[in-house]
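Participant: In case you want the letters, here they are:
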Amino acid sequence: MKTFSKYWSIFQITLINSLAYPGELAGRSLMIIPFMWIFYQLWKVTFSAAGVDSMNGLTLRDTLWYLMLAETIELGRPPIARTMSESVKDGSIAYILNKPYDFLIYQFSTAMGETIFRAMLNAIFGGLTVLWLVGAPEHPEGFLIALPAILGAWVLHFCINAMIGLSAFVVEDVSAFSWIYQKLSFIFGGMLIPLDFYPQWLQTFAKFLPFSSAIYGPARLFVTPTAQIFIHVMTLQLGWIIALIFLLTIAYRRGLTQLTVNGG
Amino acid sequence: MTELKILLAIWKTNLLSAMEYRAAFLTQVIGMLANNFIYFAIWIIFFNKFKDVRGWGVNDMYVTFGVLASAFGIVSLLFGNAFTLSDIISKGRLDYYLSLPRPVLLHTISSRTIASGLGDFLYGFISYGLSGYFSWDGLARYVLAMLLAATVFGAFLILTQSLAFWFGTMTNFSGLVLNAMLTFGIYPITLFDSYAKLILFTIIPAALMGAVPAEFIRAFSWQVLGELLLGATGFLSLAIFIFHKGLRRYESGSAIQIEI
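Listed in order, the protein sequences are those of chains A and B. Sequential numbering from 1 applies to the first sequence in my numbering. Sequential numbering from 1 applies to the second sequence in my numbering.
Any given hint could turn out to be false.
[Said to hold, decoys possible] Residues of chain A placed beyond 10 Å of chain B at every Cβ, according to the derived structure:
hint, residue
1, 11
2, 24
3, 94
4, 179
5, 183
6, 192
7, 198
[Stated by the list, open to error] Straight-line alpha carbon distances no greater than 20 Å define the calculated SDA-like cross-link-like pairs of lysine to any residue that follow:
hint, chain 1, residue 1, chain 2, residue 2
8, B, 51, A, 48
9, B, 51, A, 49
10, B, 197, A, 133
11, B, 49, A, 40
12, A, 44, A, 196
13, A, 44, A, 148
Hints are computed from structural coordinates only; laboratory data are not their basis. Positions of the beta carbon are idealized from the N, C-alpha and C atoms, including for glycine.
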């Protein structure tokens with residue numbers, strides 16, 4: 001319990017810190033507004049050209065709310081890989097490694113502390129924009145049902161980003177890996193196009209990957225909050241979380257043996 | 001002529017400095033190429049299912065995405081500090097450039113190279129090559145349109161970041177407008193109504209960085225070339241004017257800065 005309270009305190013400190021500059025926090029979250037507006041233009045024209053109200057079970061309204069949650073998850077997550085890479089480059093990692101806490105859980109606590117308000121503001125700005133454009137979601141309760149999956153998505157994002165960040169122990173600059181991960185999330189996570197609109201073979205493949213558990217799963221659960229989808233999303237997500245935590249722990253132990261600290 | 005010589009010397013130094021960390025340089029260039037290919041795959045999936053958006057097909061996207069990537073890349077490579085100009089202003093880091101007998105704006109923005117820009121620059125040409133619109137005279141138009149689009153983009157960065165002279169730190173605002181410019185630039189222009197198009201030619205001139213250059217590349221037209229030239233010279237003149245107007249308000253932080 002004492003161990004847990006240590007990380008809870010780290011989480012709380014970061015959470016309060018993230019509120020220190022409310023203008024900056026709000027300013028950063030405004031970015032979701034033009035994104036949602038342009039998505040609306042694209043999908044309005046696409047649905048109208050297809051001459052249908054619903055495609056693969058999603059209406060224009062569902063698609064917009066789906067994209068809002070997908071963007072909220074993506075824009076809410078902090079750049080953990082970059083932070084870790086910078087701490088390796090400037091040597092400040094030495095001060096974190098010699099403290100009486102686990103490096104990975106410390107990073108997770110700070111990442112979650114940075115995520116909460118950032119994601120909340122994205123959801124508010126994005127939600128208001130979509131509400132204005134297409135009206136309320138068909139299942140507003142879907143947000144509460146999708147909440148565990150959203151939390152799971154952040155854990156998954158953390159695991160993958162931390163692994164990218166750990167590669168800084170070997171290569172120092174990890175920005176290229178971060179870009180590629182982000183774009184793989186876009187394509188296999190259904191960030192810009194819901195996976196339901198993909199060709200069948202690609203859908204089957206993408207839905208099995210961790211990217212879809214981190215974006216498509218929670219967003220689809222939000223617009224279609226059925227028990228069947230909930231069980232499917234949570235089971236797959238849990239499986240990936242366990243697998244990735246295992247891989248992350250191994251990567252961390254191996255990475256430590258390769259770390260060279262420059263100054264600090 | 002002297003300014004051009006100095007500019008070439010700065011670029012050479014930047015390149016040598018970037019090449020000092022060869023592995024990091026290559027990782028960034030190859031990583032950005034891969035990043036763009038993966039990103040564009042989303043559009044291939046989209047157009048594979050929906051065929052076109054009001055007459056705008058995947059081939060048009062190849063050209064638009066390509067010219068935008070190359071324009072973004074060349075500005076990143078040659079004028080990397082244009083992306084962080086507001087930070088340089090608000091942190092008093094212009095002192096260094098003001099103390100030297102060279103044009104402040106040109107010297108400041110050209111003093112950094114963003115290595116990944118080379119990946120964007122090259123990707124643009126590949127994207128154009130894959131578009132199905134390739135021809136040798138088209139390639140000449142591509143280069144001209146890309147340079148004009150880069151001028152608009154660079155000017156837009158200078159313009160928005162120079163607001164830091166009046167409002168101080170502008171990191172979030174700069175990020176917001178930069179993202180808006182790039183996002184609106186790569187989406188089909190046919191999506192937007194006339195009001196939105198007016199914004200895309202003026203406040204956020206994304207059309208002058210994506211759709212209009214792409215139109216010129218596909219087929220020569222004096223009218224489109226005129227629009228591009230007018231946009232590029234207009235925005236560049238405005239950007240230089242605003243920067244120098246703001247420079248009169250600049251106050252040094254008296255901080256000790258080291259520029260490498």
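Participant: Please work out if residue 44 of chain A and residue 148 of chain A have their alpha carbons no farther apart than 20 Å.
Facilitator: Roughly 30 Å separates the two Cα atoms, so the pair is violated.
Participant: Using Cβ atoms and 10 Å as the threshold, tell me whether residue 183 of chain A really stays out of contact range of chain B.
Facilitator: violated (4 Å)
Participant: Please verify whether residue 51 of chain B and residue 48 of chain A have alpha carbons no more than 20 Å apart.
Facilitator: Status holds; Cα separation ~13 Å.
Participant: Verify the proposed pairing of residue 51 of chain B with residue 49 of chain A, using a straight-line Cα cut of 20 Å.
Facilitator: Roughly 10 Å between the alpha carbons, so the hint for residue 51 of chain B and residue 49 of chain A holds.
Participant: Examine each Cβ of chain B, and state whether all of them lie more than 10 Å from the Cβ of residue 94 of chain A.
Facilitator: holds (21 Å)
Participant: May I ask you to check that residue 179 of chain A keeps its beta-carbon over 10 Å from the closest beta-carbon of chain B?
Facilitator: violated (4 Å)
Participant: Classify the label on residue 192 of chain A as holds or violated, using whether its beta-carbon is more than 10 Å from each beta-carbon of chain B.
Facilitator: The claim breaks: residue 192 of chain A does not keep its Cβ more than 10 Å from every Cβ of chain B (closest is about 5 Å).
Participant: Just double-check residue 198 of chain A for me: nearest Cβ-Cβ distance to chain B has to come out over 10 Å.
Facilitator: violated (6 Å)
Participant: Please check whether the beta-carbon of residue 11 of chain A is more than 10 Å away from every beta-carbon in chain B.
Facilitator: Residue 11 of chain A is indeed farther than 10 Å from all Cβ atoms of chain B, at 24 Å.
Participant: Hint check: residue 44 of chain A vs residue 196 of chain A, CA-CA at most 20 Å. Holds or violated?
Facilitator: holds (17 Å)
Participant: Are all C-beta atoms of chain B more than 10 Å from that of residue 24 of chain A?
Facilitator: Its Cβ does come within 10 Å of chain B, the nearest being 6 Å, so this is violated.
Participant: Hint check: residue 49 of chain B vs residue 40 of chain A, CA-CA at most 20 Å. Holds or violated?
Facilitator: It holds: about 18 Å lies between the C-alpha atoms, which stays within 20 Å.
Checked against the numbered hints listed earlier, the structure breaks hints 2, 4, 5, 6, 7 and 13; every other hint is satisfied.
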